[in-house]
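Starting from the two chains in their separate frames, assemble the complex, guided by the hints.
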Amino acid sequence: MAGKILLEVVTPEKLLLSQEVDEVIAPGSEGEFGVLPGHCHFLSSLRIGELRYKSQEVWRYMSILWGYAEVTPTKVTVMAEVAEKAEDIDIGRAQQAVEKAEQRLQAGGLPSELKEAQISLEKARLRKKIADRARRGHS
Amino acid sequence: MPSLQSLRRKIAAFKNTQKITKAMKMVAAAKLKRSQDRILAARPYAHKMRGVLSNLSQRVNRTSHPLLQKREGKRIEILVVTSDRGLCGGFNGNIVRKSAEFVRQCETQGLTVNLSIIGRKGRDYFRRRSWPIRQEWTGIFDKLSFEHAIDIGGDLTENFVKGTFDELYVVYNEFKSAIQQRVIVEKLFPIDAATEFGALQSGTQGAAVGGSYLYEPDEGELLNVLVPKHFQIQAYRILLESAAAEHGARMAAMDGATRNAGQLIKKVTLYYNKTRQAAITKELMDIVGGAEALK
Numbered sequence: 130m131a132g133k134i135l136l137e138v139v140t141p142e143k144l145l146l147s148q149e150v151d152e153v154i155a156p157g158s159e160g161e162f163g164v165l166p167g168h169c170h171f172l173s174s175l176r177i178g179e180l181r182y183k184s185q186e187v188w189r190y191m192s193i194l195w196g197y198a199e200v201t202p203t204k205v206t207v208m209a210e211v212a213e214k215a216e217d218i219d220i221g222r223a224q225q226a227v228e229k230a231e232q233r234l235q236a237g238g239l240p241s242e243l244k245e246a247q248i249s250l251e252k253a254r255l256r257k258k259i260a261d262r263a264r265r266g267h268s
Numbered sequence: 010m011p012s013l014q015s016l017r018r019k020i021a022a023f024k025n026t027q028k029i030t031k032a033m034k035m036v037a038a039a040k041l042k043r044s045q046d047r048i049l050a051a052r053p054y055a056h057k058m059r060g061v062l063s064n065l066s067q068r069v070n071r072t073s074h075p076l077l078q079k080r081e082g083k084r085i086e087i088l089v090v091t092s093d094r095g096l097c098g099g100f101n102g103n104i105v106r107k108s109a110e111f112v113r114q115c116e117t118q119g120l121t122v123n124l125s126i127i128g129r130k131g132r133d134y135f136r137r138r139s140w141p142i143r144q145e146w147t148g149i150f151d152k153l154s155f156e157h158a159i160d161i162g163g164d165l166t167e168n169f170v171k172g173t174f175d176e177l178y179v180v181y182n183e184f185k186s187a188i189q190q191r192v193i194v195e196k197l198f199p200i201d202a203a204t205e206f207g208a209l210q211s212g213t214q215g216a217a218v219g220g221s222y223l224y225e226p227d228e229g230e231l232l233n234v235l236v237p238k239h240f241q242i243q244a245y246r247i248l249l250e251s252a253a254a255e256h257g258a259r260m261a262a263m264d265g266a267t268r269n270a271g272q273l274i275k276k277v278t279l280y281y282n283k284t285r286q287a288a289i290t291k292e293l294m295d296i297v298g299g300a301e302a303l304k
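Order-wise, the sequence lines are chains A and B.
Heads up, the first sequence is in the working numbering, so the first residue is 130 and it goes up one at a time.
Heads up, the second sequence is in the working numbering, so the first residue is 10 and it goes up one at a time.
Chain B on its own, in the form it takes in the complex (with noise of 0.2 Å):
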């Protein structure tokens, strides 16, 4: 049987404990607040953006920009979207599993596997496995900006451009509200109409596919700066996505983290209270005892 000591000292620690959780859901809930109203305000303008791609992509000529080509898919890279700090529950497993599981299955197709990570949880876990990365991005969630997203998107084009690979996908949480994430494979390049952007775009989907776009300015110049806009928009919302969904996970997990330290704190508090009154009464059968012992 533990000495009351001891069980007193398990009660404070217990207590201690909560009151971290506690004060990490709380400041989880104030960032989430505000990464909620970004990645909200950022939706809207990211997915139109979209669309016009998506649209853009079925009628130009695609061999027109180096961005739009398509090729024969050999090389692909991986960018996996984890956060930079732990004690967000699943957040950072379930992006880890989903990634490696994917890897994987390319894999057995014959094709040739690269990541990019962002976010130090997933880099020390694709490292300390030595997976192959070829790039990656920590410590930006602190402060988030667009130029983050200028800066990732300038170099996924870059390589893209470049040949480093064929194909790219993005990992990611998607933030789905303040308790749910979900995971999130997506194709960034090359662009592709019909698939996934289909679903969102249905509106502008459905007019007929065919018939040209008239551009002013030209084509070419229109392309050349709508296109890496495009892929910056995207990085940027795909990070406040991250973001916001980081948050809300942390939110979960201090929540389930306070009450269970609540749980544990009734429990041990319980118990203490038995064994306290068993001593208690112990000792008074002790006197009561002696007491007799000496009639």
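Chain A with its partners taken away, still in its complex shape (with noise of 0.2 Å):
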């Protein structure tokens, strides 16, 4: 049997997601590693990256800034600080949120601003990523 793994994603603000799908890739710090139903028990870190699911033959998308995910042979469970569904992200404000880090980060000034500015550089074209991909998988 095939089985199914329940995916849950939540993060602070609420539980995002809590569904049975068939296989899941995630954004692992030390890489991307893909879930099937009877991995072996298995606790990451994640970084900024996408998280995607493929359940009834769609995958599904979502962005992740940071968090933890704990495998177990039936269940995934993805802590993040901050996760949105591609379909919840307004493609227009990440576009202008990826303008606004790129000239933050032309702009210049100390290191720590330059290391956050291209942290949210990288979340901003994430979200963007994503969305984009959302739009297409819709239309």
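Mixed in with the good hints there might be a few duds.
[Claimed, not checked] Label pairs and their in silico Cβ distance ranges:
#, chain 1, residue 1, chain 2, residue 2, range
1, A, S147, B, A22, 51 to 61 Å
2, A, E161, B, R68, 35 to 45 Å
3, B, A22, A, V211, 36 to 46 Å
4, B, G99, A, E228, 40 to 50 Å
5, A, L135, B, L153, 27 to 37 Å
6, B, S154, A, G160, 29 to 39 Å
7, A, G238, B, D133, 42 to 52 Å
8, B, R71, A, E228, 41 to 51 Å
9, B, K31, A, E228, 17 to 27 Å
[What the hints assert, rightly or not] Taking beta-carbon pairs under 8 Å as the criterion, some of the chain A residues facing chain B (in silico):
#, residue
10, E137
11, V139
12, G157
13, T206
[As the list claims (entries may be wrong)] The calculated DMTMM-like cross-link candidates involving lysine to aspartate or glutamate, where the alpha carbons are at most 25 Å apart (straight line), are:
#, chain 1, residue 1, chain 2, residue 2
14, B, K40, A, E142
15, A, K252, B, D264
16, A, K244, A, E231
17, B, K42, B, D264
18, A, K143, B, E156
19, A, K143, B, D264
20, B, K40, B, D160
Treat the hints as calculated values from the structure; they're not laboratory data.
As the structure is a prediction and not an experimental result, all values here were calculated from the model.
Beta carbons are placed, not taken as given, at the ideal position from N, Cα and C, and that holds for glycine.
Below you can see the structure in the form of structure tokens.
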């Protein structure tokens, strides 16, 4: 039996998702990892990245900004600081955020500021990418 | 028999009181709504975190991280979560009673107990009775934020590592519904897998124990961030629970007070009217009697 995995995504704000899925690919801090039913116990921290999950032959996407994932043979629990479903991302705002972050990076400043700008750029790009993908997927 | 004027004053006073309690009830209801949303949103995350930690604590070598250690507990610390303000019914009374009971229980077992207190009401109570208070946080409920949780969680983890105490229990009001609170005694340190996490996490608990985890990055590094974080999250959740419960309790208490004031007003008004009528009747009788006498 192929079986399913229960994917749960929680953030400090809410329970974002709780669904049976066939496959999950998550952005581990040391590289992406995929989870199929029956995966061994596994605990990983997550970096900024994209979380994909497949259910009923459709891939869905979600942005994850840091967090942890716990994997058991039947369940994946993702505890993210911030997470957003692709459908929920406002693409216009995401685009704006990218531009703003780029400007900040260009403007220069202290190393710590630059680092911050770099991170927000990375976040913004990711959100935009995921939002784009969702839009294509739907049309 | 009280004079009519004093009765009128009494009615006016009750009406004023009723206005105040009514206003307080409204304020509490508005605040309740907000804090209720917050706690309901924060709960799943906190519970998942617990689940992960409890799973973890069964598998990892406990000595591998200072915060996971289990020591022979002689010194107990109790974190008592009360409110900063009163007028919320049995909210603080219940907590204080439960804590005192718990302390006595521990002391009869020959354990040393210290208190950490959140909230002005609890602090005042225990200070007046000069119980040993190690640490206190007051005035945080007005502007509750995650910073407070970081502060409190940090202090507790630090003291656990230092060995100030071997076990930590929290006594707080859990927010059950807008009109129901439940006093909860919960063990925070050391993390126990089997006992209190079991019920909550039957899902993950079902997975076979044994077999080790894979970690990425390595175990030590991961635990170093995850475990302190867990305590911050739990502290945050407990604060939110208590805040929501407090507003709920206050709303219920003020609702009751408003209703009681209404009843009193009714009663006194009735009495006032009766007295007034009696006075009129008496006056009439006097006049009639006077007229009769003139005949």
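Tested hints:
no. : hint                        : in the structure
1   : S147/A / A22/B: 51 to 61 Å  : holds, 55 Å
2   : E161/A / R68/B: 35 to 45 Å  : violated, 24 Å
3   : A22/B / V211/A: 36 to 46 Å  : violated, 54 Å
4   : G99/B / E228/A: 40 to 50 Å  : violated, 56 Å
5   : L135/A / L153/B: 27 to 37 Å : holds, 32 Å
6   : S154/B / G160/A: 29 to 39 Å : holds, 35 Å
7   : G238/A / D133/B: 42 to 52 Å : holds, 49 Å
8   : R71/B / E228/A: 41 to 51 Å  : holds, 50 Å
9   : K31/B / E228/A: 17 to 27 Å  : violated, 52 Å
10  : E137                        : holds, 7 Å
11  : V139                        : holds, 4 Å
12  : G157                        : holds, 5 Å
13  : T206                        : holds, 5 Å
14  : K40/B / E142/A              : holds, 18 Å
15  : K252/A / D264/B             : violated, 48 Å
16  : K244/A / E231/A             : holds, 12 Å
17  : K42/B / D264/B              : holds, 16 Å
18  : K143/A / E156/B             : holds, 19 Å
19  : K143/A / D264/B             : violated, 31 Å
20  : K40/B / D160/B              : holds, 24 Å
The structure fails hints 2, 3, 4, 9, 15 and 19 (numbered hints given earlier, in ascending order).
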